[in-house]
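*Asks:* One-letter residues, chain by chain:
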Amino acid sequence: MRLLYDAVLPQSLAEEAPASVTLDRWDGIDEQDSALVRAAADRGHRGVVFYDRDSLEQPDLRRLASESGIALVAVEARDPIEAKIRVLRHLSRIRRMLVSHDCVLVLANEVRAYPS
Amino acid sequence: MKQPSPGLFAAALQALSSTAPRSRSLASTMTDLLDGLNTSHAESLPVAIRGVLPLLRGDPERLRFAVEIAVRLDLFEVAPAVAELADSTRDTELSLAAATLCSNPAVDQSLRTRIANMTETDRTELIRLDPLTVPETADEKYLYWQSWPGASTEGIPYPLAPVVVLDQGFDALGALRFAVSLDQAGAMVRRLAPESEVPNWFGSQTVLVCRSQTRNRVLNAYPRFPESQIIPEAPPTDDHQLGVLLRRVNTKLLGSQKLRFNEFPVDISTNLWDPEVFVAGVYPTRDIAFLAGATRSSLDYLRQRGLLIPLSSDPTRWAFRDLVAFRTWSYLKSVSRRKVSSSVVPSLSRFAGDREAVKLGVTSEGAVLVDRGDGWANVETGQRPLDQIITDVDDVFRPFPYGDGRVPALPNVGLNTPLHPTVLHGTPYLKGHRISAKGLASLHRRNGGRAILSAYPELANVSLDATVKVGYQLLASA
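If you read the protein sequences in the order shown, they are chains A and B. This note's numbering puts the first residue of the first sequence at 1, with every later residue one more than the last. This note's numbering puts the first residue of the second sequence at 1001, with every later residue one more than the last.
Bound conformation, chain A alone (with noise of 0.2 Å):
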């Protein structure tokens, strides 16, 4: 599985990510939210993980993700590197709900499907 993250979680996430899930970061400047998740589906991603769970309260992202069959992810942190420390921990779960859902959110102990 391929995920696109967003800039603001660190670049080690990359580097630390398992075998198993390639985790690409966004390598552009400041653009639109939308922008990623054009790119992700340029590139094959299977959804973009986001930094908090406002970036999932855009409807008009939702929507746009939906149509490019791109997932979205958002994970709930103080900061980001306990960001990146939960993405990481909660990788394999983050590929079994993304299986049948399109949007989840991170937590510190669960992922959950984050309701439209």
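I should point out that these hints are in silico values taken from the structure, not numbers from a laboratory. Think of the CB as a built atom: it goes at the ideal place given N, C-alpha and C, for glycine as much as any other residue. Take the hints with a grain of salt, since some may be wrong.
To be verified - To spell it out: a stretch of chain A is covered by chain B in this simulated footprint if at least three of its residues, at any positions, have a beta carbon under 8 Å from a beta carbon of chain B; those stretches are: (1) 2-10; (2) 23-35; (3) 75-82.
Since chain A is already given, all that's left is putting chain B on it; use the hints.
*Replies:* Here is chain B on its own, set in the frame of chain A:
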């Protein structure tokens, strides 16, 4: 090679002798050098720089700075002057620069031999000069592969900086501007002269931007160089197209080292009244309160009276237009001696944006007006206002005193700290990066600047203080 005019010599000397190596970046100095040049000037600029370098001999710091510019842009034409200066001053940095410039096959072999004789035992210079030099240590191997990425028939075990080879048959000004852009984006620039041999530059992290005849020449010399790493296009002249070409180069890079695009923003609509922008954004209550300069209780008051309806209730979130409405009301209350009607709040929050609006205004009675370049008009009735005091929302976006404090400006909340409703769902961020102010502050809170640089090594030379401060203010408003 075209000879520079006296004016160009003077301009080059002026630009290079007035650099401020300690306070200005190489990038900004390079940009200054190109300012006002036409194609003819650009063609002879390397020779002009070669001519004025000796005049900087008495100022070693500026001399090295100027030579560094030449190295970064692969202005091989200045190699003879740099070699001469390196020999006469015994400056090792100049000697290294001369070796780097002489790696370009357009440089006469006799000059390469002279540099090699000067260096004798300095292997870092020899490696730069000659791909036949065998690297021994790990550092030498890294330098070797970075200098001669095409010399390997197998994979290179090091992440290399991208190498972009530019065909010198293109328009000189466009090529130079693109070279500066590439350098700013983190690429190593190499200039391939039309008649020179094809050097060992063509590896897996090399992209070639060229004309068709140069493509054929390179592929004849390197049949295994992938066609997919060749861009048969001339560098454009406008900034937007430069940014697009940079992105195309970036897509050709297969390794982990990519280009940086800080200087080339894409077309985010800068018109905040554009419907797609005005209704976008997702803000928690505390952030709205901070950015509007008001209290959460004021927001609750408006919400309870149905004057401001959040985007969502669980959790409570607001859109950018709600921020504008709330802030405008706060502003009007701060500047007006009379009671301000709260009707301005629902009027603005219901406004769906206007693509043609260049200005947005409100009256204290709550009418919303737009100026599409031909004067104010009511958004609902289309009528021109008569004898009404109109508050331009641009004024609302300036910092203003409120209570004991000062409300930050919008959309530039702090130095290098803008917000845009469609970027990071509208939270203030570090300009040029998708890294939020809150994210930076939360890391700073963890372990100061070290935590930030550990997470974002690309920010090593970026000014962060103002953005971190905004982040702390947002975190404190929680």
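*Asks:* Mind listing which of the numbered hints don't hold for this structure, in increasing order?
*Replies:* No numbers; nothing is violated.
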